[in-house]
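*Asks:* Build the full structure now, drawing on both the sequences and the hints.
Chains as they are written, first to last, in our numbering: chain A, 1 to 89; chain B, 90 to 178; chain C, 179 to 267; chain D, 268 to 356; chain E, 357 to 445; chain F, 446 to 534; chain G, 535 to 623.
Don't read these hints as lab results, they were simulated from the structure.
Careful, some of the hints might be misleading.
Claimed, not checked - Simulated pairs of lysine to aspartate or glutamate, EDC-like, Cα-Cα distance not exceeding 20 Å:
#1 C/K215 - B/D162
#2 F/K484 - E/E427
#3 F/K495 - G/E603
#4 B/K128 - B/E97
#5 B/K153 - A/E71
#6 B/K126 - A/E71
#7 G/K571 - F/E514
#8 E/K395 - D/E338
#9 G/K573 - F/E516
#10 G/K584 - F/D503
#11 D/K269 - E/D413
#12 A/K39 - G/E605
#13 F/K500 - E/E364
#14 E/K393 - D/E336
#15 B/K153 - A/D58
#16 E/K358 - F/D503
#17 A/K50 - G/E542
#18 F/K482 - E/E427
#19 D/K322 - C/E186
#20 E/K406 - D/D315
#21 C/K228 - B/E97
#22 E/K420 - E/D404
#23 B/K139 - A/E8
#24 F/K447 - F/D493
#25 D/K269 - D/D315
#26 B/K91 - C/D235
#27 G/K598 - F/E516
#28 A/K2 - A/E71
#29 D/K331 - C/E249
#30 C/K242 - B/D146
#31 G/K589 - F/D493
#32 E/K395 - E/D413
#33 C/K228 - D/E338
#34 G/K598 - F/E514
#35 A/K37 - G/D607
Stated by the list, open to error - Here are the in silico distance ranges between beta carbons for each label pair:
#36 A/G49 - C/L259: 24 to 34 Å
#37 E/D413 - F/D518: 43 to 53 Å
#38 A/G63 - F/G491: 24 to 34 Å
#39 G/P548 - F/E516: 50 to 60 Å
A quick note: this is a predicted structure, and the numbers were derived from the prediction, not measured.
All C-beta atoms, glycine included, are put in the ideal place defined by N, C-alpha and C.
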Amino acid sequence: MKIQPLGERVLIQPLAAEEKTAGGIIIPNTAKEKPLKGKVVAVGTGLDGKNLTVKVDDVVLYGKYVGTEIELDGTAYLIMLESEILAII
Amino acid sequence: MKIQPLGERVLIQPLAAEEKTAGGIIIPNTAKEKPLKGKVVAVGTGLDGKNLTVKVDDVVLYGKYVGTEIELDGTAYLIMLESEILAII
Amino acid sequence: MKIQPLGERVLIQPLAAEEKTAGGIIIPNTAKEKPLKGKVVAVGTGLDGKNLTVKVDDVVLYGKYVGTEIELDGTAYLIMLESEILAII
Amino acid sequence: MKIQPLGERVLIQPLAAEEKTAGGIIIPNTAKEKPLKGKVVAVGTGLDGKNLTVKVDDVVLYGKYVGTEIELDGTAYLIMLESEILAII
Amino acid sequence: MKIQPLGERVLIQPLAAEEKTAGGIIIPNTAKEKPLKGKVVAVGTGLDGKNLTVKVDDVVLYGKYVGTEIELDGTAYLIMLESEILAII
Amino acid sequence: MKIQPLGERVLIQPLAAEEKTAGGIIIPNTAKEKPLKGKVVAVGTGLDGKNLTVKVDDVVLYGKYVGTEIELDGTAYLIMLESEILAII
Amino acid sequence: MKIQPLGERVLIQPLAAEEKTAGGIIIPNTAKEKPLKGKVVAVGTGLDGKNLTVKVDDVVLYGKYVGTEIELDGTAYLIMLESEILAII
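*Replies:* In structure tokens, the structure reads:
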């Protein structure tokens, strides 16, 4: 089953956060909002003919409280706006 | 009886949420806002000559609290802005 | 006596809501905002040379709390922005 | 003494609301904001070369709480933005 | 000592409000915000090459709570945005 | 050590407020926000190719609560947006 | 491991604040928000074809509460919007 996000939305499969591996992204344990890591599974067609920057299979960082959860074929995904993605790793 | 949504509005017929079928959309039971599934029944003419992206008969995902309920010929529908639709399945 | 709404405003004569006629618009009895039905009596000239979409005699749906009430020749009307109209029936 | 409203502002002389004359504007006695009637006395020069729509001597409807009161030669006036005017009668 | 207001700001010398002279601006004693009268002393150069509408020596009306007070050579002035000026008298 | 403010930001060295010298800027002792005086030390490069209006060595007035304090070589400075500057003296 | 910030975001490595060295940036101990110093490690590609102003290795000042913390290869970084950077030193 395929999902086509609308506009500037991106479908993301969250990745398990590695807690302390060398070279990995380690989320410091502070009061600040912690970004999470996920893989881009599908991207919207953009707005006004401008394509999105992220591509399928990019691994991205995003904030903890962004996006809407959905489950598809037993796997949990997030749909969020590209502007809510912080960075590509 | 026909309804023509205005501008970027879309008329949607909600579909019953499948709770745990294989390959279906399963809404995880969390505190986050849960998207719902519906079929596009009529679309607005868009704004400034730009057509909408969704088309009649598309099955779409949308948030739980978006849109305005109406009943037409005994069936319940929702009118919402296309920008409130998360994705096309 | 004639009223010319300004800009994107529309003058609407509310129609009595049919409660359960076959084929009519039936407002479900929920906590959500219920749209109402009315007939367009006069439309503004639009903004920046763009005409409005709704026309005189269109029957439209609008939210319960939108618009400003006025009475003209003993009849109650509503003045609202076209963007507050949900759909043309 | 002359007053030149700035930009999109309009100087309005409020008219006494007729309470129930045939053919007059009768403000229904509800909880909704009631529009009032007034005569345009002076109009601003507009913004960006676009003239205002209302003209001197137009009779207009406006909301109860809009505008700033001033008194000129013993008469009370209101200065408001044209966008706050609902309609021309 | 000269003050050059920046952008769309205007330097205004408040005028004593005449309380009930014939032909003067008399501020009605209501709960609404009362406009005050002042003389334009200096104007900014505008934004994006658009000059301001008010000129030095214009007598203007402005709201009671707008602007920032400064004192220059023993005289009190106000610096406000031109958009906060209601009208030129 | 040199500081280059970004965009429309300006680096300002606050000047001691003269309290009652003839011809000086005297801040009246009221409840209103009091502007302060400072000297422009460095200006940003502007946005979209538009240079800033204020120049290095301009003496400017600004509100009491605007800007971010920094200390450089033992001297206190403020970084603020040019739009937060009220006037050039 | 490389991080590519999205859009107008910038990846910054915070520098230890020098408390009172001659010629250094010394943050005064007041109630105002204190800017911090950091080195630019990676910059986004900008929006609409406009490159960012800051470059890799620039030392910049930024407010205390801006940005999102991440840890990469054992080092703490901040991702923030370029518009949240106050100045380049």
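*Asks:* Below or equal to 20 Å on CA atoms is what counts here, so check D/K322 against C/E186.
*Replies:* Between D/K322 and C/E186 the Cα gap is close to 18 Å, so the pair holds against 20 Å.
*Asks:* Under the criterion that the straight-line Cα-Cα distance not exceed 20 Å, is the pair G/K584, F/D503 satisfied?
*Replies:* 30 Å, violated
*Asks:* Tell me if the straight-line CA distance from E/K395 to E/D413 falls inside 20 Å.
*Replies:* 6 Å, holds
*Asks:* Assess, step by step, whether the Cα of F/K482 is no farther than 20 Å from the Cα of E/E427, and give holds or violated.
*Replies:* Answer holds: F/K482 to E/E427 is near 12 Å, not above 20 Å.
*Asks:* C/K228 and B/E97 were given as a pair; does the straight-line alpha-carbon distance stay at or below 20 Å?
*Replies:* This hinted pair holds, its Cα atoms lying about 16 Å apart.
*Asks:* Can you confirm whether the C-alpha distance between D/K269 and E/D413 stays at or below 20 Å?
*Replies:* Holds. D/K269 to E/D413 sits at ~16 Å (cutoff 20 Å).
*Asks:* Can you confirm whether the C-alpha distance between G/K573 and F/E516 stays at or below 20 Å?
*Replies:* 18 Å, holds
*Asks:* Can you confirm whether the C-alpha distance between B/K139 and A/E8 stays at or below 20 Å?
*Replies:* 16 Å, holds
*Asks:* Verify the proposed pairing of C/K242 with B/D146, using a straight-line Cα cut of 20 Å.
*Replies:* 29 Å, violated
*Asks:* For the pair supplied as a hint, F/K484 and E/E427, is the alpha-carbon distance within the 20 Å limit?
*Replies:* 18 Å, holds
*Asks:* Taking 20 Å as the top limit, are the C-alpha atoms of C/K228 and D/E338 close enough?
*Replies:* 38 Å, violated
*Asks:* Given the proposed pairing of G/K598 with F/E516, does the C-alpha separation stay at or below 20 Å?
*Replies:* 15 Å, holds
The structure fails hints 3, 10, 15, 22, 24, 25, 30, 33 and 39 (numbered hints given earlier, in ascending order).
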